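Asks: So the protein lines, in turn, are chains A and B.
Going by our numbering, the first sequence opens with residue 1, and the numbers climb by one from there.
Going by our numbering, the second sequence opens with residue 1001, and the numbers climb by one from there.
It should be emphasised that the hints constitute simulated quantities derived from the structure, not laboratory data.
Computed from a prediction, not measured in an experiment: that's the story for all the values here.
Keep in mind that a hint or two might mislead.
Stated by the list, open to error - In the DSSO-like style, the derived pairs of lysine-lysine whose C-alpha atoms are separated by at most 27 Å in a straight line are:
hint, chain 1, residue 1, chain 2, residue 2
1, A, K172, A, K160
2, B, K1006, A, K102
3, A, K16, A, K96
4, B, K1252, A, K66
5, B, K1103, A, K86
6, B, K1089, A, K86
Spelled out from the first residue to the last, the chains are:
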Amino acid sequence: MQTLLSINNLTVRYGKDVALQIDQPIAIEEGDRVGIIGSNGAGKSTLIKSILGLTDYEGNIQTTLKPQEMATHMQFNEYTNSMPVKYIMEAILDTKIGKNKKLSELISYFEFEDCLRKRYSSLSGGQKQRFTIILVMMQEAPLTFYDEVTSGLDFETRQKLVEKLVEWYRDKECGLCVVSHYYEELEQLVEKLLILDQGHVIAFGNKDELFHKYCGKAVFILDNSLKNQKLLAAYERLEAPAHLLALSCNDAEKERELTELFIQNNVNYKRSNQDIEMIYVNAKAAYEKSKGRRK
Amino acid sequence: MNKKRKLISGSMILFELRDVVGNPFIHIFGIGMPIFFALILPRSITAGMKDSDLASTIVTSFFLATGSLIPLATVLIGYAASCAQELEKGIPQRMELFGISKKETLFNRAISEGIFMLIAFAIYVLVTGFILDLKKPVLSGVLIYALCMIVLGIICFILAHGIANLFEKFGPTYCVTMLLYFGFMALGGMMGISYDQMSKGMQAVAKMLPMTYISRDFVTVWTGKNYNFMPMIQSYLFLAAIAGILLFIVWKKTERKVH
Chain A
1 MQTLLSINNL TVRYGKDVAL QIDQPIAIEE GDRVGIIGSN GAGKSTLIKS
51 ILGLTDYEGN IQTTLKPQEM ATHMQFNEYT NSMPVKYIME AILDTKIGKN
101 KKLSELISYF EFEDCLRKRY SSLSGGQKQR FTIILVMMQE APLTFYDEVT
151 SGLDFETRQK LVEKLVEWYR DKECGLCVVS HYYEELEQLV EKLLILDQGH
201 VIAFGNKDEL FHKYCGKAVF ILDNSLKNQK LLAAYERLEA PAHLLALSCN
251 DAEKERELTE LFIQNNVNYK RSNQDIEMIY VNAKAAYEKS KGRRK
Chain B
1001 MNKKRKLISG SMILFELRDV VGNPFIHIFG IGMPIFFALI LPRSITAGMK
1051 DSDLASTIVT SFFLATGSLI PLATVLIGYA ASCAQELEKG IPQRMELFGI
1101 SKKETLFNRA ISEGIFMLIA FAIYVLVTGF ILDLKKPVLS GVLIYALCMI
1151 VLGIICFILA HGIANLFEKF GPTYCVTMLL YFGFMALGGM MGISYDQMSK
1201 GMQAVAKMLP MTYISRDFVT VWTGKNYNFM PMIQSYLFLA AIAGILLFIV
1251 WKKTERKVH
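With the sequences and hints as input, model every part of the structure.
Replies: Below you can see the structure in the form of structure tokens.
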């Protein structure tokens, strides 16, 4: 696998504040599908901007790729409003829609035909996202970034968009970095995770390996109710968001025991061996413990 | 889309031209206002004048001076406003991320602005030229006037790009370009006070602006009489130097970091 990009000792400052400080080496290889997660202000977009050369930084970002070989769907994408989007598309891609089979197929794939005559401001949120996605996909770049591509969209539109992205990139060799707060989307799209918190890297690696490291073989997730708390009082629990309870299982015997317990007590539960939210919460807790911020 | 992009291309010129035409400011200030000024103001001054040759000289002088408002309005105000609005929305950066370099955008935009400026001039000449009683020009006078307007347009374009990129916001950009527009008009003697009526300080500033020479002296060149071009050339060089320095500063400021 060819390394597309490697980062060493990266620091980004906004005034006196350190927005991003990456001390451990990060490498993105050909074919990598990396999900970049973290709460607001974690440094996700700053990291992408640094890689794209849009912000000043100290440290070392090494890549053999030229700037135009990195395609990007930014968090906010704006275009001129003085003409229909058809003309913007043709100018950016330096082609004619009617003469470009691949572009025509992509427009049809994203059901964008009826939007071509509209101006950018007249498009809905989902249509705006699809417009930029078509342009980004047409770049056929070795490395592509999607920064919160589904933010602000309704559930159905989000689902459809992610399905199309998964389908499109299924057999592609290019590297993909996806920033998202919707973990269920990342479960479909990525194999690696880069977890950031307050500008620092908490964890980076294969999704399954990180799950094993922080959550065990599988997790059981339940609602955080008084009844469930009493039921699980004897079990050691994983860190979980406030509205949930989570248990780690490392062997089949324990899984059977817990399943039986939940059935007997008529408790709703979810079993997962790849839940990104659980990886995030437990990786963050482990990081904070290592830094002495948490007992 | 891995093919190499041309610095100047028909599709990008057309794209930029659509953007230029879509800007309402330039239709009002760049075409409407010069025609209005050229038709209304000289009539009010020459009304009742018995010396028809003098009246014709005044009308021609107005026609030539008001023509210089076209590059000022279409390019200086129009492009600066449009560029600042786009910068505010992050559009140039978005285009750069699609592989369209700043240089490509700038060159194609400059050509599109030039095309629009020529169209605006054509409309101006067609509307006013047939109505006003103008002095008959010599060919060299017309060519020099055209050259002066083109060079002024180029300087205005660089100045507009520099101002918009310096502020990166529509409000201050529009304010500064409007101040320059009316400042150039006033110092160029197009707002009721001629060069000779100005104070010494105002004259010193006015001497550094090409608009002064266009408004005050160009009828001499237009009719083929002898004229010392040196002060006018110096004023062009002065304005071009300011625009060039501003462009250099903003170019460095907005440069993308390459790893």
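Asks: For each hint, tell me whether it holds in the structure or not.
Replies: Do the hints match the structure? See the list:
1. A:K172 to A:K160: 19 Å, holds
2. B:K1006 to A:K102: 21 Å, holds
3. A:K16 to A:K96: It is violated: about 48 Å lies between the C-alpha atoms, which goes past 27 Å.
4. B:K1252 to A:K66: 20 Å, holds
5. B:K1103 to A:K86: Roughly 23 Å separates the two Cα atoms, so the pair holds.
6. B:K1089 to A:K86: Given that 27 Å is the threshold and the Cα spacing comes to 20 Å, the pair holds.
The structure fails hint 3 only (numbered hints given earlier).
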